[in-house]
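Here numbering that gives the first Met the number 0 is used: position 260 in the sequence shown is 259, and no number is missing along the way.
In short, the hints are calculated from the structure, not lab data.
Computed from a prediction, not measured in an experiment: that's the story for all the values here.
Hints are not guaranteed to be accurate.
Quick list of in silico lysine to aspartate or glutamate cross-link-like pairs, DMTMM-like style, CA-CA up to 25 Å [unchecked claim]:
no.	residue 1	residue 2
1	Lys-119	Glu-108
2	Lys-134	Glu-147
3	Lys-119	Glu-269
4	Lys-137	Glu-72
5	Lys-126	Glu-147
6	Lys-337	Asp-74
7	Lys-134	Asp-74
8	Lys-25	Glu-100
9	Lys-169	Glu-120
10	Lys-97	Glu-120
11	Lys-50	Glu-72
12	Lys-134	Glu-100
13	Lys-219	Glu-208
14	Lys-219	Glu-184
15	Lys-217	Asp-81
16	Lys-261	Glu-230
17	Lys-50	Asp-96
18	Lys-89	Glu-72
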Amino acid sequence: MCYAIPGRVESVNDNIATVDYFGQRKKAISEIEGLTRGDYIYAQGGYVIEKIPRTEAEDILSTWKETFFELQELDLRFSRLDLGEKGISKRFGGIIDKALEGRRLSREELLHLLSINAPKELDVLFKAANFLRQKYHKNACCVHGIIEISNYCRRSCHYCGISSANMGLKRYRMSRQEIVDAACEAVNGLHFKALVLQSGEGAGYSAAELSEIIREIKAKAAALIFISFGEMPRGDLETLFHAGARGILLRFETSNPSIYEKLHPGCRLETRLRTLRDAAGLGYLIITGGLIGLPGQSPEDTVNDLYLTKELNADMFSFGPFIPHPGTPLARAKPPAKEDILKILALARFI
């Protein structure tokens with residue numbers, strides 16, 4: 000659940016709060032002592048972030064009430080479907096019907112949807128995906144601030160601009176005070192409710208240093224903290240979780256081990272997946288997914304990426320386009336077409 004407006008606590012049972020948003024009820028884990036019915040709170044990513052005064056909450060909600068329902072209606076309007084339109088094949092319409100009924104699509108059906116290019120079918124595909132998103136998540140939207148604390152990295156991934164092999168890149172590493180100040184400005188000044196602390200892998204901070212940074216941020220700014228530091232040992236993940244981190248952003252990039260090893264010299268896909276599984280076992284929210292349009296990637300690989308993300312029980316699917324970077328071995332590779340990117344994002348709603 001990610002509404003950046005206050006909600007009213009309806010009940011608290013075993014640290015699970017039921018929160019009301021204009022008649023919508025959502026669940027959130029509460030780590031705040033003394034939370035009780037009638038309190039007003041902010042929540043992000045399924046966690047209660049902070050309590051706020053009733054007068055402040057009611058003032059904000061009075062401003063948002065009409066806009067909330069106007070946006071909801073606008074959202075629904077974008078999702079309206081007409082499967083009887085000309086230019087829609089019987090097979091395509093049948094697959095969309097099946098998806099809208101909540102039935103599992105086969106691999107072959109997903110591959111067929113990935114292959115379509117007819118404008119009317121693409122329009123229906125995107126509207127169907129939006130309908131399912133609206134059905135299950137309403138018009139909630141998670142907005143995260145990202146603080147890039149360092150661009151040092153020990154890895155030499157062929158597509159990445161901060162690869163250790165990119166000798167033309169000016170490197171930096173923020174100090175503890177700079178990181179804390181940036182986080183406080185993002186939360187207390189710009190009102191972000193969720194932050195991602197991100198760097199290259201092995202950027203020069205120990206787990207102990209990072210844990211102290213996270214503790215200080217949590218003491219000074221009410222926000223859900225995600226980490227994105229690449230692969231980490233389970234012990235380090237546990238240290239950061241105890242410090243207050245609650246989510247991890249780590250893409251596996253591709254589910255194809257051969258492509259993975261080719262693009263990540265000296266690395267194995269299974270090692271990366273172990274970090275994700277360790278994090279999930281510790282209780283982290285998992286944000287993961289793949290790159291769209293990597294050289295050598297087939298449609299079957301892309302569908303496998305979606306299945307792997309689901310298998311990992313990701314709380315948020317994170318898929319983005321491969322964009323050639325001039326300082327990498329893939330500088331001259333071709334990026335994916337916009338329609339291919341949108342099709343894959345749509346298919347993520349169907350699995």
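Hints, one by one, checked against the model:
1. In summary, the hint linking Lys-119 to Glu-108 is supported, as the alpha carbons are separated by about 18 Å, within the 25 Å threshold.
2. For the hint pairing Lys-134 with Glu-147, the CA-to-CA distance comes to about 34 Å; that exceeds 25 Å, so the pair is violated.
3. For the given pair, Lys-119 sits about 40 Å from Glu-269 by alpha-carbon distance, which is inconsistent with the 25 Å threshold.
4. Restraint check: the Cα-Cα separation between Lys-137 and Glu-72 comes to about 10 Å, which is no more than 25 Å; the hinted pair holds.
5. A C-alpha spacing of about 34 Å is found between Lys-126 and Glu-147, which places the hinted pair above 25 Å, so the restraint is violated.
6. Proximity of Lys-337 to Asp-74 is assessed by CA-CA distance (about 22 Å); at most 25 Å being required, the pair is judged to hold.
7. Using a Cα cut-off of 25 Å, the hinted pair Lys-134 and Asp-74 holds, with the two alpha carbons roughly 11 Å apart.
8. With a C-alpha separation of about 23 Å, the suggested pairing of Lys-25 with Glu-100 holds against the 25 Å cut-off.
9. At most 25 Å may separate the alpha-carbon atoms for a hinted pair to count; Lys-169 and Glu-120 exceed this at roughly 46 Å.
10. With a C-alpha separation of about 15 Å, the suggested pairing of Lys-97 with Glu-120 holds against the 25 Å cut-off.
11. Pair hint Lys-50 plus Glu-72 does not hold up; C-alpha atoms about 29 Å apart against a cutoff of 25 Å.
12. Taken as a hint, the Lys-134 and Glu-100 pair is honoured in the structure, with Cα atoms around 11 Å apart against an allowance of 25 Å.
13. Between Lys-219 and Glu-208 the alpha-carbon distance is near 17 Å, which keeps this suggested pair within the 25 Å criterion.
14. Pair hint Lys-219 plus Glu-184 holds up; C-alpha atoms about 10 Å apart against a cutoff of 25 Å.
15. Taking the CA atoms of Lys-217 and Asp-81, the gap is about 48 Å. The hint is violated against a cut of 25 Å.
16. Distance check on the hinted pair: Lys-261 and Glu-230 sit about 18 Å apart at the alpha-carbon level, within 25 Å; holds.
17. The straight-line distance between the Cα atoms of Lys-50 and Asp-96 is roughly 43 Å, outside the 25 Å bound, and the hint therefore fails.
18. For a cut-off of 25 Å, the pair hint linking Lys-89 to Glu-72 is broken: about 30 Å separates their Cα positions.
The structure is inconsistent with the numbered hints 2, 3, 5, 9, 11, 15, 17, 18, although it conforms to all the rest.
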